[in-house]
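With chain A's structure known, arrange chain B on it following the hints.
Sequences listed follow chains A and B, in order. Counting from 1, position 13 in the first sequence corresponds to residue 13 in the UniProt record's numbering; the numbering is continuous, with no gaps. Counting from 1, position 264 in the second sequence corresponds to residue 264 in the UniProt record's numbering; the numbering is continuous, with no gaps.
The hints are simulated quantities; they were obtained by calculation from the structure and are not laboratory data. Model, not experiment: these values are computed from the prediction. Treat the hints with care, since some could be wrong.
Since the list gives no way to pick out one identical chain from another, each pair is judged satisfied if it fits inside one copy or across any two copies.
What the hints assert, rightly or not - Below, computed lysine to any residue pairings styled on SDA-like, alpha-carbon distance capped at 20 Å:
1) Lys111 - Phe13
2) Lys90 - Phe13
3) Lys90 - Ala273
4) Lys152 - Val131
5) Lys152 - Leu133
6) Lys90 - Leu158
7) Lys152 - Tyr190
8) Lys145 - Leu102
9) Lys194 - His132
10) Lys194 - Glu225
11) Lys152 - Glu40
12) Lys194 - Asp257
2 protein chains.
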Amino acid sequence: MTENGLPPMRSLFGADPLDEFATFVADWLWQNMQGRANIEIEAKLGLLIDRQTNMRLQLPVYNETIIDARALGVRFESNMSMKQHASFNKLLNELVAYSTTLPEHERITYKHQKETDFFYDVQMQDTGETVHLRVTRDSKTQSVKPNGVVTKQRIADLNVFCPARAYDYRISINTETPMPPPPDTCEPTYSREKDRLSYAHQNYQVDLTQVLLPNKPHEPNHELELEIRDATYFMQLAQDTRLRNPEMTQEWSPYEDQVVVFLNNIRLLIRNADTFMA
Amino acid sequence: MTENGLPPMRSLFGADPLDEFATFVADWLWQNMQGRANIEIEAKLGLLIDRQTNMRLQLPVYNETIIDARALGVRFESNMSMKQHASFNKLLNELVAYSTTLPEHERITYKHQKETDFFYDVQMQDTGETVHLRVTRDSKTQSVKPNGVVTKQRIADLNVFCPARAYDYRISINTETPMPPPPDTCEPTYSREKDRLSYAHQNYQVDLTQVLLPNKPHEPNHELELEIRDATYFMQLAQDTRLRNPEMTQEWSPYEDQVVVFLNNIRLLIRNADTFMA
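This is chain A alone, in the form it adopts within the complex (with noise of 0.2 Å):
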């Protein structure tokens, strides 16, 4: 009770506990992440298929929920309708013109791209090994991008459905490590349009993009993803912590608080979705 005004105390031990959820991503994250060079941080927006029915995930649950993917048969589906697309472009611009009236260091830029990813097989010629390359040019100029020639490698997803709302989410860790140019000789196997709106704010980034594959010109993916934009910075925060307390008895740092903020992004984005007909 809390008879003489004041409010009540965080619980019997003075203290809230630490959040369950934020710090199992943030241990698996740094897990995943330590020890690699040129990591890529990204949640995308998107839906559980479950690969039986091949509709969204059924799961008696009620709360937002990490899930073993494997185990429960489901694969990770990111699109949306254009509608929808349509939609977080006008909730993300009007973000952006409200955040003009605040300081510098907390305003959202904008910035509209196109882009053209070639894929290619390239064999290395001291290994023999074939390697995945994409080349990331410039639309209109077709000149290559800046640290346009990468190979990206799948280091791991973490599946997140949740059950009170329109969209689930995939938090996934790459690395995307800078390549050679591919020989002139060598023909792309694929290539795709990308028709990119991206919202930076802070050590986040909202990419709001339309993907072209060139044997469905006329049925663009709808894409959303939140990325960690200095993941060098963001593992540095983890380092400074996890190193410093090798027990890793769970204290709050400001790692943590990146996790929490990542977190924060990607579900207001999710609450804030209009529900349209997928």
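Same frame as chain A, now just chain B:
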């Protein structure tokens, strides 16, 4: 990035999202308790047991999850080992000792009670209906406790699976309606002995109880319950928020704060459980 040394903004939207888990529990409690008198709100620590395997529920999820117990075919068992019970007793005694250094309204107070519950099936004279009565007596003096004659009705349960912890928990709403004592001619159908340590802290109370049933005199049940002490005050807080805001557009209020402290307490007790063999 926090190049300027300032903490990051909480999100693109400038704020944290509402805690989905806590607001779900707050809404569920309000929906089930509104309009009722003599409500009792409690959380019990225990295990969700799969009815098929008779083992703890296995579900491929990683975080604290509110489940549909019927759909999953599970029941809740409120029990723990004597060793675990002793360990909670020690922990709570330490919290009591520590709290003596705190301002009075932050202290934890302690009470040891031995009570006997007698259960009666009484036929109501007016309606002919059979009512299940519980009469609670002081085990030593055998005098009926204040408000010691009630009929208890189960209103609703919310089951929470904690895959990363040694225990799950269940939140229950019951009504305990005061009743006239049963006629002297009426014999109890059964009785149970309760040896209870109660730890009261602000509007919460932890009951650590050893329950003896006459048919199992050497196998006491060991239970931990967390109860809302003043449920009327708790319900009043909910009402203040919900009736002022009939759209239930979710806003944080002192009611949600009470719910979070309730959850904080049960979560921290579970996290501080030692894992002995059940």
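Here's how the hints hold up against the structure:
1. Taking the shortest alpha-carbon separations for Lys111 and Phe13, only the inter-copy value of 19 Å comes in at or below 20 Å, while the best intra-copy value is 48 Å.
2. Taking the shortest Cα distances, Lys90 and Phe13 sit within 20 Å of each other only across copies (14 Å), while inside one copy they are farther apart (45 Å).
3. Taking the shortest alpha-carbon separations for Lys90 and Ala273, only the intra-copy value of 11 Å comes in at or below 20 Å, while the best inter-copy value is 49 Å.
4. For the identical chains of this complex, Lys152 and Val131 are intra-copy neighbours only, at 10 Å inside a copy versus 69 Å across copies, given an alpha-carbon limit of 20 Å.
5. Taking identical chains as interchangeable, the C-alpha atoms of Lys152 and Leu133 lie at most 20 Å apart only when both belong to the same chain, with a minimum of 7 Å there against 69 Å between chains.
6. Taking CA atoms no more than 20 Å apart as the test, Lys90 paired with Leu158 passes in neither setting, with 28 Å inside one copy and 39 Å between copies.
7. Taking CA atoms no more than 20 Å apart as the test, Lys152 paired with Tyr190 passes inside one copy only; the shortest distance there is 15 Å, against 69 Å between copies.
8. For the homomeric pair Lys145 and Leu102, neither the shortest alpha-carbon distance inside one copy (31 Å) nor that between copies (62 Å) is at most 20 Å.
9. Taking the shortest alpha-carbon separations for Lys194 and His132, only the intra-copy value of 19 Å comes in at or below 20 Å, while the best inter-copy value is 69 Å.
10. Proximity of Lys194 to Glu225 under the C-alpha cut-off of 20 Å is restricted to the intra-copy arrangement: shortest distance 13 Å within a copy versus 56 Å between copies.
11. With identical chains, the CA atoms of Lys152 and Glu40 are at most 20 Å apart within one copy only, with a shortest distance of 9 Å there and 56 Å across copies.
12. Taking the closest pair of Cα atoms, Lys194 and Asp257 never come within 20 Å of each other, the shortest separation being 32 Å inside a single copy and 45 Å across copies.
Hints 6, 8 and 12, counting from the list given before, are not met by this structure.
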